[in-house]
Structures are given as C-alpha cells and as structure tokens.
Amino acid sequence: MHKRILRVNMSNRDAQFEDVPAKYKSLGGRGLTSTIVADEVPPDCHPLGPNNKLVFAPGIVTGTNAPSSGRLSVGGKSPLTGGIKESNVGSRFAQTLARLGIQAMIVEGQSEAGYQLLKIGTEGVEFVDGRRWSGKGLYQAYEELHSAFGDDVDICGVGLVSERAATNSGLVFNDPEGRSSRYAGRGGLGALAASRGLKFIVLDRTDLPQVGLEDKETFERGRRKLVDGLRGHDVTKPDGALATYGTNVLINILNEAGGLPHRNFSSGREDLAELVSGERKAELIKDRGGTRPHACHPGCLIRCSEVWTKENGQDPVGVLEYESVWALGPNCGIYDLDVIGELNRACNDLGLDTIEMGNTIAVAMEGGLLEFGDGEGALQLMEEIRRGTPQGRMLMHGAQFAGTAFGVTRVPVVKGQGMPAYDPRAVKGMGVTYATTPMGADHTAGYTVAPEIMGVGGQSDPLATDKGALSRTLQRATAVIDSAGYCLFTAFAVLDIPEALEGMVETVNGVLGTSLTVDDIDSLGKDILDVERRFNSKAGFTAADDRLPEFMRLEKLPPHDQVFDVPDDQLEHVFGDA
Amino acid sequence: MPDTPDVTVRLFARLQEAAGAREVSVRAGDIRSVVETLVERYPALRAELLDKAGNLRSTIKVMVNGRNTAYLRCLSTPVGEGDAVAIFPLVAGG
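So the protein lines, in turn, are chains A and B. Under the numbering used here, the first residue of the first sequence is numbered 1, with each subsequent residue one higher. Under the numbering used here, the first residue of the second sequence is numbered 1, with each subsequent residue one higher.
No lab work stands behind these hints, which were simulated from the structure alone. Glycine included, each C-beta is placed from N, C-alpha and C at the ideal position. Check each hint, because a few of them may be wrong.
Said to hold, decoys possible - Label pairs and their calculated CB-CB ranges:
1. A:T404 <-> B:T4: 49 to 59 Å
2. B:T4 <-> A:D530: 56 to 66 Å
3. A:V563 <-> B:A70: 38 to 48 Å
4. A:E40 <-> B:T8: 52 to 62 Å
5. B:T8 <-> A:L516: 42 to 52 Å
As the list claims (entries may be wrong) - Which residues of chain B face chain A? A partial, calculated answer using Cβ under 7 Å:
6. A21
7. L50
8. T59
9. M63
10. G66
11. Y71
12. C74
13. A86
14. F88
15. V91
16. A92
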C-alpha cells in the first residue's frame, strides 16, 4: 500500500495527497503528529488563529490485525495549554484512516464558507456544506450523519462548544455501533478544528485493503507473542479485571490508597466511593441490560469498554471511564452513578472533555456557585453551557478559567490543563509526570500508577519522592506506544511479560521493514519528547511551568496527611541525561 | 484466639465474587493470620490468594489503613482493633 499525506486547505477547500517525506517514513501516531506540528506550526501562533494546524495520524501498526491497535493521535498547538498537544483515541476511525493509505492528515487554513464536512474515501475527498449540523447535540448529529451517509462510515466531529471556541472541547469519534462516545478529549483540539471550519470528517470504509506489511513473517511472529501476552496477563486477559469491571475498577483501590481526589482535591479517601466503583457499575450494567465487556474498536482483545444506560435501559451513553466517573463524581462530591452517567452524556453531546469538565465543576463548587454533591445543580450547569448563557460560557474553558472567574486558589492544573484522577500528594510519581510532561497534567503521559499502586511493571512506594527516573522511563515508553498505535493498556502486559514487549517491537518492524529492538524504545521516546519540549520552549514555556500548583505543596491531603514534596531539582532533571 | 482483635477486612473485584462477601470480620493479630483465616473460612479464596506453594500471590495487594503492606512488614504487618484491611487482586485501568 502506498501511504500518503493528505493536506486539506480549508481556506480554499482544496485537498491534495502528497508523498511522505523520507524523515516521516518510519513515524506514526504521536511521533508523527508532534513532528509535523513542530515542523509546520509557529510555536508562538494563536491556537485559534490562521497559522495553527490540526494533524491526524494513525499509529504505525494501526489498520493491521495487531491486537488492540485501533488508536489515533491528533495533534496541534493546544488552545487549552498553549503548548504542543497529542490527544489519543481508540476508534475504528483510526483503522479506516490507515486502510485508506493516509499516514497523516493535515488540516490547515480557515474556511470562509462556514462549517465543512470532509467526506473521504477511495474516490478522494469531497467538501460538503456542514452547516446543517451546526448547533446540534452530537448524539442526534451522528444519527443524522448515519442516515445521510450509511452505516459503513466512521465519523469524527466537534460539538457545539467547539463552535463557541471552548478551550475545553474535544474531538469525538464513533464507537463500533456508531455512537458519538469516543473522545480525543484533552487540550481543546475541538476548538482548533472548529476554528479551521471543520465540523465533521466522514470516512467511507467500504472495500478497503489491509495495511501493507514489509515483513509479514516478523509481523506475524510478533503479533502472536503479543496476543499470548495479552491473553495471559491478569489485567488484560479475556476474563481479566479490565474486561470484567472496566477502567473504573480503579475507584476502590485508589480510594483505599488515599489517592482518589474528592471535593476538588481536598481529601484522598471517602467511604462513599464504593457507590461509584467498577464493581458496582458492572452489577448495574448487567441488571439493566447494558453491554459489558465491549471493544472500542474491532480487534481489541482487552475490551475494557461498555455501554452504560439509564435504569430502564434507555439513552445509552457509551463508556463511563474511570477518569470520567471520578471527575464528574467524587471530585464534585457526587456519588450517584445515574447522575454521573447523565453528566457524562451531556459532555459527550456537547463535545466537552469529561476530565476537564469535572475539574471545572469542582472548582466552581469550591467558589460557591453550588454545593459539593449537588448533582442536579451540576446538570443545570451543563444546560447553561448548552444554551450558551454567560455563566455557561464561563464554564466551558476549563478549570483554570473557572478558578479565575470564581476566585478559587485550589485549582488542580498544570500548564492550564486539569489533573486526572490521582492526587499527586498520595501518588507522587504521577505528580512528577503531571508537572513535566509537555502535555499539561496528563496521566497517560507516564503512568507511574502502574508500579506505585497496582504493582504492574515493578513496585514503587507511592509516598516515596524519588520518582524522576520512573516518570522519565515511562514517559519515553509511552511516547513510543502512542506512536506505534497500541492502546496504552497493552503496557500492563508488556511491562510484565518480556516476550510480549518483544512481540510489540516485532510488529512495528514487520510494518516498517526496520530492525528495531526493545533497547531502542528509550531513545525513540526521548526523540519524540525532545521535539515536543523544544516546541513548548519556543512557545514560551520555562522550568516554572513544570510545577504543580502551590496548594499541593502547602495543604496536607488526608488520610496520609501528605504534601507534594518532590524537590524542584528532581523535576528539572527528569529530562536530563541521567 | 481470645486476645486477638476483631479486624474488618474488605475484599474487592473478583475476591468479592469468590468469597461471596464484600466485608468480613476476622480475629487476627497480623496479616498472615488474616489471610489464613480467610482461606479457611472461604475455600474459594485459596486459589485467588495463594499460589501452589501456599504463598501469597505476588499480584495480591494487601493494604492496612491505606498503606500497601509491601512497604510495611508484608505478612508480618501487625493489625489491631480498628485497623482497616483491604485486599485487592491485580487490577488496572486509567
């Protein structure tokens, strides 16, 4: 298969296929989006101005039959952080884009003809007037799009908050049943897309070839090793923890470890957490006739996803991820899965990132807009956002903006991005990752929780402060996994099973015809992070931006009464040569 | 064991299913005796908690008051009246 780069100019509604430059030949996913952004986007540009670009890239093995590899990276200069951004999503859309032979798609310019829908298939690219879907909820819009374009399509789009330039707005993708429930949510890339005039991308997936392999034998050998690893590991096996309980299985263990943030990061443990746990949610899904387990894309062996519904089985939301349940639940003092489900549904419908939205509501609660635990009030705030009232507009730009608006100093952000579901005072490696990743507070950038809490990939005391090397190693490995196109959850198996890690590398070699080894992972990851950090430096970021908010060094977190006490010099040496 | 305290033990994920209980009370002075009591009372827990040699599986996390006993005194970690013990199988997510 001849891979190409698709360049879409929204200003003149022109789409051209380009040969892949030699320097991009062996890149994919995050490595490719970040390199293109660094090469083509001026770091000092306004994220919503004419010079920013939105870059899509499936992973290197995405579109093959490698397991759990339907991942897509989306990059650009983040409207939320002002730095480089890679937001990652699992969806069949990624596999279809790869099977269309598109190694990367670059969306540039700004439409003067209103919102556009890009229809892409083997016949080429068609610009369709997208204004008829403007202002609609995404669940309805996706139903209408499937009516218009059929079921054999995959769809990416942005919601109405993106049309209002919300810095908390994500890009939505379809799950296998066509629901608008999979998100590249973080960093405000929905607003970047909308500012180009891009409303939807529809991929026609009929009669597509498989992604070509340079070395079929090596690929197949590696694939088998990886499949064996995933099927054999307690977390990723077919009846393992992720398939049985979903990602939300973490609620109880993080709560027990004192690291689950409650009420805007004011406590690390509350007895009520069990009401919103993975165990509880799995019971309810079974009782209601929802779906569990469920795969976010064909070929996933882990199947951590699900379809959550209301009590009567109506209004399927899609998956309620751990991060979403926490953000919209315990972090807001809400311990009712039905309320959380409706808040999640509202986020999906409007095009909001759930982590950022939960942090925003919690900060607004801290600021006195409503009481912690007021689920009905939180749902009303979502309606304010939908209607675009002045208050709603104050709440669609993330936690940092809300903190300023409501005079709150306990604002859990790094580089303007809200923290995920691990309090860094109780899981200190996560604090190092939050502080130092180029992405802003992002748990997926270097998931030290694995060894600190779960005992996967080794053991590390979560309250110990010497976490620089651990975070660095995991940040580099993650950058490579995000580039290869594997789900990050494959790491649970490959960190513990050397043959599975070897197999993962062999699948990459099979696609590219390279001879990489496991020993190359660290340097490949370093190269990607160096590109991203150079971009951020040129955008104005300094060491002072690689810090956690002050309150985390001052306020002790119950129950362990810990502050974040990793020394600054250790944060500064995460990306040193050590 | 008349002098050993009552300790509340909570079980999670598949351990709940194996025991058919979420929370149990055992009389024990350390984690070793907590585990021994549990596998005796709930035979289905034996295969979940112990390997073939009878040792606690490396994948099992035992916490006392929120601290992983791997960073305390492992099976010798003492427990007393009012201590909260939580036992988890291997779980992960994110």
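Hints, verified against the model:
1. A:T404 <-> B:T4: 49 to 59 Å: With a Cβ separation near 55 Å, T404 (chain A) and T4 (chain B) satisfy 49 to 59 Å, so the hint holds.
2. B:T4 <-> A:D530: 56 to 66 Å: Holds: the Cβ-Cβ distance is about 58 Å, inside 56 to 66 Å.
3. A:V563 <-> B:A70: 38 to 48 Å: violated (23 Å)
4. A:E40 <-> B:T8: 52 to 62 Å: For T8 (chain B) against E40 (chain A), whose Cβ atoms are near 59 Å apart, the range 52 to 62 Å holds.
5. B:T8 <-> A:L516: 42 to 52 Å: Given a distance of about 51 Å, which is inside 42 to 52 Å, the answer is holds.
6. A21: Since the shortest Cβ distance to chain A is 13 Å, the answer is violated.
7. L50: The hint is violated - L50 (chain B) has no Cβ within 7 Å of chain A, the shortest such distance being about 15 Å.
8. T59: Holds, about 6 Å.
9. M63: It holds, given that the least Cβ distance between M63 (chain B) and chain A is near 6 Å, below 7 Å.
10. G66: The hint holds - G66 (chain B) has a Cβ within 7 Å of chain A, the shortest such distance being about 4 Å.
11. Y71: For Y71 (chain B), the interface hint holds, since the closest Cβ of chain A sits about 5 Å away, which is under 7 Å.
12. C74: violated (12 Å)
13. A86: Hint on A86 (chain B): holds, closest Cβ of chain A at ~5 Å, below 7 Å.
14. F88: holds (5 Å)
15. V91: holds (4 Å)
16. A92: holds (4 Å)
Going down the numbered hints, you'll see the structure goes against 3, 6, 7 and 12, while the others check out.
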